[in-house]
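K.L.:
Below are the chains, spelled out letter by letter.
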Amino acid sequence: KQEVTQIPAALSVPEGENLVLNCSFTDSAIYNLQWFRQDPGKGLTSLLLIQSSQREQTSGRLNASLDKSSGRSTLYIAASQPGDSATYLCASPQGGSEKLVFGKGTKLTVNP
Amino acid sequence: DGGITQSPKYLFRKEGQNVTLSCEQNLNHDAMYWYRQDPGQGLRLIYYSQIVNDFQKGDIAEGYSVSREKKESFPLTVTSAQKNPTAFYLCASSGQVRASGANVLTFGAGSRLTVL
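Protein chains in written order, with the working numbering: chain E, 1 to 112; chain R, 113 to 228.
Hints in this document: simulated from the structure, not taken from any laboratory. We treat Cβ as the ideally placed atom computed from N, Cα and C, and that holds for glycine. Incorrect hints may appear among the rest.
[Claimed, not checked] Quick list of in silico lysine-lysine cross-link-like pairs, DSS-like style, CA-CA up to 25 angstroms:
1) K68(E) to K104(E)
2) K195(R) to K126(R)
3) K121(R) to K183(R)
4) K42(E) to K121(R)
5) K99(E) to K68(E)
6) K99(E) to K195(R)
7) K126(R) to K99(E)
8) K1(E) to K169(R)
9) K104(E) to K169(R)
10) K107(E) to K42(E)
11) K169(R) to K195(R)
12) K183(R) to K107(E)
13) K183(R) to K99(E)
14) K1(E) to K42(E)
15) K169(R) to K183(R)
16) K121(R) to K195(R)
17) K182(R) to K126(R)
18) K42(E) to K104(E)
19) K195(R) to K104(E)
20) K1(E) to K68(E)
21) K104(E) to K121(R)
22) K169(R) to K182(R)
23) K1(E) to K99(E)
24) K104(E) to K1(E)
25) K42(E) to K183(R)
26) K169(R) to K99(E)
27) K126(R) to K183(R)
[Unchecked claim] Where chain E lies over chain R, by a calculated footprint (3+ residues, C-beta under 8 angstroms):
28) 124-135
29) 148-155
30) 173-184
Could you put the whole structure together from the sequences, leaning on the hints where they help?
P.N.:
Shown next as structure tokens:
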């Protein structure tokens, strides 16, 4: 059974800093891994999806990597801005099913 | 614009009452999902539907019911049997990413249910 863990639960950084968010998963036979952003009281917005055959995906200042052998994915945010403040969640399918297993998220605060 | 609409945004319920949360999508997605989110918790799957007139229980289906009579709609009823219904409820739908075959989820804005 796939389990997804995100540490730390919260992170605070000054504006302009490059940062890395971590996501660990237990089932290395992973199909894909998705990163989402959630603003307070809102739904989730998909940021990046990495297929099992890929090592990384990039979108603007965001770069997500996937290392199946170590059971880890990282989301790298370059030149952080206050507008990046949100909770970031990662998720992976349970086996080959439609069911996504979510981590509890990392709450990021970027201070001006 | 294509997307998912959830209503109401806020809902208050007295103990013993059933309530229904609406979820409508115009993305032509086949699969739809209901998740529950509690403070400090990850999202937990309540029900999901891969096709009209068919749905499956997720991890925490007890006390909930759904229907999928139309492709666009997947309403969730929170029944009086749900012991702790106060939570943030999120509806999502998915369509396959071309070539990759992966299902990328699109979420609605959520409905916050409070039991008085």
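K.L.:
Does each hint hold? Answer for all of them.
P.N.:
Structure-based check of all given hints:
1. K68(E) to K104(E): 20 angstroms, holds
2. K195(R) to K126(R): 12 angstroms, holds
3. K121(R) to K183(R): 22 angstroms, holds
4. K42(E) to K121(R): Distance ~10 angstroms between K42(E) and K121(R) Cα, so the pair holds.
5. K99(E) to K68(E): 19 angstroms, holds
6. K99(E) to K195(R): 24 angstroms, holds
7. K126(R) to K99(E): At roughly 31 angstroms apart (the allowed maximum being 25 angstroms), K99(E) and K126(R) break the hint.
8. K1(E) to K169(R): 17 angstroms, holds
9. K104(E) to K169(R): 21 angstroms, holds
10. K107(E) to K42(E): 14 angstroms, holds
11. K169(R) to K195(R): With a Cα-Cα distance of about 17 angstroms, the restraint between K169(R) and K195(R) holds, given a limit of 25 angstroms.
12. K183(R) to K107(E): Violated, at about 34 angstroms.
13. K183(R) to K99(E): 19 angstroms, holds
14. K1(E) to K42(E): 29 angstroms, violated
15. K169(R) to K183(R): 18 angstroms, holds
16. K121(R) to K195(R): 21 angstroms, holds
17. K182(R) to K126(R): 29 angstroms, violated
18. K42(E) to K104(E): 15 angstroms, holds
19. K195(R) to K104(E): 22 angstroms, holds
20. K1(E) to K68(E): 15 angstroms, holds
21. K104(E) to K121(R): 22 angstroms, holds
22. K169(R) to K182(R): Answer holds: K169(R) to K182(R) is near 18 angstroms, not above 25 angstroms.
23. K1(E) to K99(E): Holds: K1(E) and K99(E) sit about 11 angstroms apart, inside 25 angstroms.
24. K104(E) to K1(E): Between K104(E) and K1(E) the Cα gap is close to 17 angstroms, so the pair holds against 25 angstroms.
25. K42(E) to K183(R): 24 angstroms, holds
26. K169(R) to K99(E): 10 angstroms, holds
27. K126(R) to K183(R): 31 angstroms, violated
28. 124-135: violated (count 0)
29. 148-155: holds (count 4)
30. 173-184: The restraint on the region 173-184 of chain R is violated, since only 0 of its residues have a Cβ under 8 angstroms from chain E and three are required.
Going through the hint list in order, the structure does not satisfy hints 7, 12, 14, 17, 27, 28, 30.
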